[in-house]
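Number of protein chains: 2
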Amino acid sequence: MGKRGLLIVISGPSGAGKGTVCQEYLKNHPETLLSVSMTTRSPRRGEKDGVNYFFTDVPAFERLIKKGGFLEYAKVYDNYYGTPKSFVEENLMAGRDLILEIDIQGALKVKEQYAEGVFIFIMPPTMEELKRRIQGRGTETQEELLKRFESSFQEVNYISHYNYLVINDNVEETAKRIEAIVIAEKCRVERNKDFYNQVTGRYRK
Amino acid sequence: MGKRGLLIVISGPSGAGKGTVCQEYLKNHPETLLSVSMTTRSPRRGEKDGVNYFFTDVPAFERLIKKGGFLEYAKVYDNYYGTPKSFVEENLMAGRDLILEIDIQGALKVKEQYAEGVFIFIMPPTMEELKRRIQGRGTETQEELLKRFESSFQEVNYISHYNYLVINDNVEETAKRIEAIVIAEKCRVERNKDFYNQVTGRYRK
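Chains as they are written, first to last, in our numbering: chain P, 1 to 205; chain W, 1 to 205.
Possibly wrong hints are sitting among the right ones.
Claimed, not checked - Partial list, derived from the structure: chain W residues whose beta carbon lies under 8 angstroms from chain P:
(1) S160
(2) L165
(3) V166
(4) C187
As the list claims (entries may be wrong) - Derived SDA-like pairs: lysine to any residue, alpha-carbon spacing no greater than 20 angstroms straight-line:
(5) P:K186 with P:L26
(6) W:K67 with W:T40
(7) W:K75 with W:V58
(8) P:K193 with W:E155
(9) W:K186 with P:V156
(10) P:K186 with W:N170
(11) P:K85 with P:T39
(12) W:K186 with P:S160
(13) W:K131 with W:A115
(14) P:K193 with W:T126
(15) P:K176 with W:E179
(16) W:K67 with W:P43
Worth flagging that the hints you see were computed from the coordinates, not collected in a lab.
Glycine residues also receive a C-beta, built at the ideal position from the N, C-alpha and C atoms.
Use the sequences and the hints to build the structure in full.
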């Protein structure tokens with residue numbers, strides 16, 4: 001083929017079920033890779049370098065920032081987290097599709113640098129459902145919950161920056177819709193310029 | 001749902017296999033309608049008004065042209081053929097998807113009036129294959145064949161006006177790709193403004 005892979009950005013408010021949906025998609029598409037982030041935090045027991053994260057130290061991370069080596073990065077408390085450009089670029093070049101599961105702020109930054117990505121916003125069927133799902137975790141106080149819910153609601157306004165909106169009413173169905181989106185995107189005319197230039201060119205010779 | 005249906009425009013050079021692909025898609029999607037054209041030519045034996053065509057006379061057709069009642073129309077020898085806007089509009093409003101199988105000139109005219117349509121260019125795997133398929137009909141002289149082939153080649157340059165390019169290497173696969181495109185298009189953010197306005201609006205109340 002020699003065709004570039006697709007960067008499939010799966011994003012949405014926390015509580016929308018992004019992670020479960022990505023796992024379901026990857027189960028059916030073992031040829032697709034999950035993007036590996038780089039971090040300066042220490043590996044936890046069982047975590048492997050290059051699998052769960054690329055582990056590095058702060059000076060190395062900051063050098064990479066200066067070199068423009070991240071599609072996006074953020075500092076959470078004392079630790080950096082970021083998506084290394086080289087990992088993404090090498091896999092796409094090799095024709096592999098890559099899933100990037102990321103929060104909304106991160107997705108918007110990725111879009112600035114890589115607008116050819118496919119930006120999919122995952123949302124629960126209603127905001128009530130989102131509230132219920134966030135509450136379902138049962139690990140937070142009422143105040144924390146309200147804060148998280150308010151922030152989820154604010155984020156919904158970023159939908160217009162995305163290409164697709166998928167309502168996660170059922171994990172299997174949602175994964176199938178993402179599959180359809182990936183097939184369709186590969187047929188988009190702007191992703192097939194090489195093909196039709198080649199076809200018409202071959203005839204001209 | 002109350003959602004508008006999709007106008008699925010299936011187009012491409014003659015010899016690409018548009019008709020077979022549409023029939024395959026419709027077989028798997030009985031809820032989707034094939035658009036019915038209007039014509040001034042006489043019905044042939046077995047043809048039914050409102051099924052194969054809407055049959056009408058020249059004055060009535062020309063009145064409809066003046067009223068802007070066609071998405072596109074053309075005069076072939078002494079007969080008019082056109083896609084009546086009202087038929088398309090009524091079905092889309094009722095939430096029904098509609099397939100319009102049409103040549104490239106027609107598709108480009110439809111796009112001017114209804115850019116929200118999904119414009120799919122069907123193409124055989126190579127221009128050699130296109131040549132072979134056109135020759136396969138065996139009903140034309142060498143000169144007619146060359147003329148048809150030349151015109152098919154010219155038309156390929158219009159691909160950039162379309163949203164999708166589907167290579168028809170296998171009818172079942174092509175119909176499945178169209179299915180994926182339809183699912184994906186229904187998830188496009190710009191087609192779901194009502195939904196997310198409603199969701200966020202409901203929360204605001």
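Compare the structure with the hints numbered earlier in the document and write down the numbers of the violated ones, lowest to highest.
13 and 16
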